[in-house]
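Take a look at the letters that make up each chain.
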Amino acid sequence: MNDEFYIGWEKQAPPTFSRRTKAAVALIVLLASGGSLLLAFNQRLIGDAVFEWNREREFAGVFRAKPAPHLVTEADDGSTTTHLLVAPWKFGLDRDAAREFDGRQVSLAGRVIRRRDQSMIEVQPQSLSAIGPNTGAPATAASATSAGAGRRTLRGEIVDSKCWLGVMNPGRLATHRGCAVRCLSGGVPPILLVQYEGGRTEHYLLVGSDGRALNREILDFVAEPVTITGEVARQGDLLVLRAEPGDIARLERKH
Amino acid sequence: MSVDYVAVQWNRQKRWYDAVLAGAVLVFLALFIGVSKALFPLVTDEILLLRAFGAAAFLLLHVILCIGPLCRLDRRFLPLLYNRRHAGVACFLLGLVHAVLVIVTYHAGGDINPFVSIFTSTPLRTSPDSLPFQAFGFVALFILFLMAATSHDFWLANLTAPVWKALHMSVYAAYGLLVLHVTFGVLQAETNSVFAAATAIGFFVVIGLHLMAGSRERAFDASMTTPGGTAPRVIPSHSPRPSPSERGRPAPPMSDCPNGCLSREAAEQIPLSPGEKAGVRGNEASDCHMSGASSTGSKRFVDACAVADIPENRARIVCVAGERVAVFRYDGKVSAVSNVCQHQNGPLGEGKIVYGCITCPWHGYQYKPEDGASPAPFTEKVPTFRVRVRNGRVLVDPRPLPAGTHVEPALINDTAFIDEPLAVHE
Ligand code: HEM
Ligand code: HEM
Ligand code: FES
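Those protein sequences? They're chains A and B, same order as listed. Position 107 of the first sequence, counted from 1, bears residue number 107 in the numbering used here, the numbering being contiguous throughout. Position 196 of the second sequence, counted from 1, bears residue number 196 in the numbering used here, the numbering being contiguous throughout.
Treat the hints as calculated values from the structure; they're not laboratory data. Values in this document were obtained by computation on a predicted structure and should not be read as measured data. All C-beta atoms in this analysis are idealised placements derived from N, C-alpha and C, irrespective of residue type, glycine included. Be aware that a few hints might be false.
[As the list claims (entries may be wrong)] Some chain A residues close to chain B (C-beta under 7 Å, calculated; not the full set):
| no. | residue |
| --- | --- |
| 1 | R20 |
| 2 | V112 |
| 3 | L173 |
[What the hints assert, rightly or not] Reference listing, derived: stretches of chain A covered by chain B, where coverage requires no fewer than 3 residues with Cβ under 8 Å from a Cβ of chain B:
| no. | region |
| --- | --- |
| 4 | 30 to 37 |
| 5 | 83 to 93 |
[As the list claims (entries may be wrong)] Derived DSS-like pairs (lysine-lysine); straight-line CA-CA distance at most 27 Å:
| no. | chain 1 | residue 1 | chain 2 | residue 2 |
| --- | --- | --- | --- | --- |
| 6 | B | K368 | B | K14 |
| 7 | B | K37 | B | K14 |
| 8 | B | K333 | B | K14 |
| 9 | B | K381 | A | K11 |
| 10 | B | K165 | B | K14 |
| 11 | B | K368 | A | K11 |
| 12 | B | K381 | B | K368 |
| 13 | A | K11 | B | K14 |
| 14 | B | K333 | B | K381 |
| 15 | B | K14 | A | K22 |
| 16 | A | K11 | A | K22 |
| 17 | B | K368 | B | K165 |
Given the sequences, and given the hints that come with them, work out the whole structure.
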């Protein structure tokens, strides 16, 4: 038998130990680099969403409290954009405090959150102020005229609008559930995310059948596949789904 | 080994070990972060980092878990075991960074305490994507913390090696929890089969290596009981887990011996009556055949093995009265000490006499063969056993003497007339 004996505190390991260890080290480095690349290349959930966390901007437009607080801004060419409004961290805008602004021209400072054409602003809470009298303009009436509106059953996943629209990327499914629960619990409006073959997605702002905010009532259904049966309507740029927690059903996920 | 406890006693091999460890971790993190950022420029940086650190910790844990069985299958991997504690601590630190990033990113800044959120934000149901995977991660991190916090030789000496070691075996619980953490966490989101396959392969490699190392032990046990007419009486053990040995020592873990002593314990449980043969193993696994009973002089002595079975400066591990004893041969003499290293219960009988001292194969702690005491200034001591040599056979008194007791070595050439117990200097 080879009488070589390894002692860690000696300067040098015996040759056969040394050779074997070098091979093992090479394997470990290979594993570290190969494993790392494999995992990095196979991530699938990182989407086309941004959070301009380091850039605060000023906005002016008409504030609407329903179906969820949002700001409608008008560009020079007359086209309008709807921005959902939320507060910093994992909180929605204080709806009671915001009610006084409903229908008024306001200015605010905040950071843009954006996924494709869906926009949101994280509002600096102290910055929201009315810059004109109440126009008296009625909130945009819900219209059930657009295609597919009316009573429908939709299949998708309930996400928190703030993370999904860009603060967290990726920001859905089991890994993100804890965060989504915190955000919804803190008043961030829920969205039903519906995905179609080919990658097209629709966002339905989820509210109660009476138009109330649904938050803590639906925490049990977040980040999993569900179907929801409710009334779909278009309110300005926003697609709204009115439903009750009892109208939500969990689905087994198809793999 | 040291009298004073210093943070880390550095030597050349430890420095190399840590350099390779740090290098491999950095390569993993840099590649994962760099490639992800290039492929997905819009990714949230915190999530990228928490993923990188979590995955690095989990991969490193696989490597750590494989070292034990690899060393049992092939001693040449022992250098990987030498400084494994630093790999363990690194694993904890990576997991900690991951957890802190997760808590800050996903749980802080909300309407309740972030630590409460970890446990309450997943409803407790049985569907696979609603198991509390984050709670699993938390408990695993706590276990890793306990191990890292008690990892220093100071704790080892004060908790005593058996207690520390029992604590250490909870790493398998931590690993199990982390497999659940990943299975019910990221695998429910990234349903891409590559992630699932990588997790499964890792799991089967860890389990497979442990089973291979275990089955090799069982094969060794079987060889001890195959008839040769004179094979020692050894009760085969079918349990992959050793049962506790005497003197309240908890069972060594599966990974106990790099070269294997696994499941020897069960056999060793059976006390041998005087004159009965001891089970034997040594540097090379071969049976120790002997003829008839022995120990006419003292009823206490049992036949252990033939002198010729022990290579010079090496030992055979024999099992007498439930105790594993390492019988060393050197300089024309034979000495017997407990097989269990005081440092981390390494198998002294797989060690070698180097510079006149029994040297442990794991971390190189040393003991003088005649009294089981470490040379000054070190203070570790192991129990010793009375030995004698007669007719080319080694006889061992199975009663352990207090650690550090001087026992006159038996002279190999001076065997004919000794019929009385050897002098013992207490
Ligand atoms: C308080 C303790 C912990 C918490 C709260 C926690 C939470 C999480 C969360 C939320 C994720 C999903 C991340 C994402 O992809 O968005 C995750 C993933 C992961 N965690 Fe943990 N974790 C903890 C401890 C650990 C520990 C100790 C380890 C390993 C030693 C670990 C290993 C992993 C791995 C490998 C992943 C998958 C990484 C990936 O997404 O690519 N976790 N953990
Ligand atoms: C968080 C940290 C740690 C992890 C994940 C870890 C991992 C492990 C594992 C998996 C084992 C037993 C299985 C085997 O033999 O392969 C083990 C044993 C061992 N660990 Fe650790 N370890 C950690 C911390 C430490 C620390 C702090 C020390 C410092 C003393 C240490 C030193 C050892 C030694 C010397 C053994 C071999 C003794 C034996 O197998 O019973 N480890 N470690
Ligand atoms: S177990 Fe560490 S030196 Fe023996």
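Coverage claim, chain B over the region 83 to 93 of chain A, checked by counting residues with Cβ within 8 Å (three needed): With 4 residues close enough to chain B, the hint holds.
Would the hint linking K37 of chain B and K14 of chain B be met if the CA-CA limit is 27 Å? violated, 34 Å
Is the hinted pair K333 of chain B and K381 of chain B satisfied, with a Cα-Cα distance of at most 27 Å? holds, 20 Å
- Query: Keeping to a limit of 27 Å between CA atoms, is the pair of K368 of chain B and K165 of chain B held or broken?
  - Reply: Roughly 25 Å between the alpha carbons, so the hint for K368 of chain B and K165 of chain B holds.
Given the hint that K381 of chain B pairs with K368 of chain B, does the C-alpha gap stay at or below 27 Å? Holds, at roughly 9 Å.
>> Using the nearest Cβ pair, does L173 of chain A come within less than 7 Å of chain B?
In response: holds, 4 Å
When you check the alpha-carbon spacing of K368 of chain B and K14 of chain B, does it fall within 27 Å? holds, 25 Å
**Message:** Tell me whether the statement that chain B covers the region 30 to 37 of chain A is true, taking a Cβ distance below 8 Å and needing three residues at minimum.
**Reply:** holds (count 6)
Notebook entry, point to check: Within a Cα-Cα threshold of 27 Å, do K11 of chain A and K22 of chain A meet the stated pairing?
Noted result: Holds: K11 of chain A and K22 of chain A sit about 16 Å apart, inside 27 Å.
Check your understanding: Straight-line Cα separation of K165 of chain B and K14 of chain B no greater than 27 Å?
Key -> holds, 22 Å
Using Cβ atoms only, decide whether R20 of chain A comes closer than 7 Å to chain B, and label the hint accordingly.
-> Holds, about 4 Å.
For this session: Decide if the proposed pair is consistent with the structure: K11 of chain A and K14 of chain B, CA atoms, cutoff 27 Å inclusive.
Result: Holds: K11 of chain A and K14 of chain B sit about 10 Å apart, inside 27 Å.
Hints 2, 7, 8 from the earlier list are contradicted by this structure; the remaining hints agree with it.
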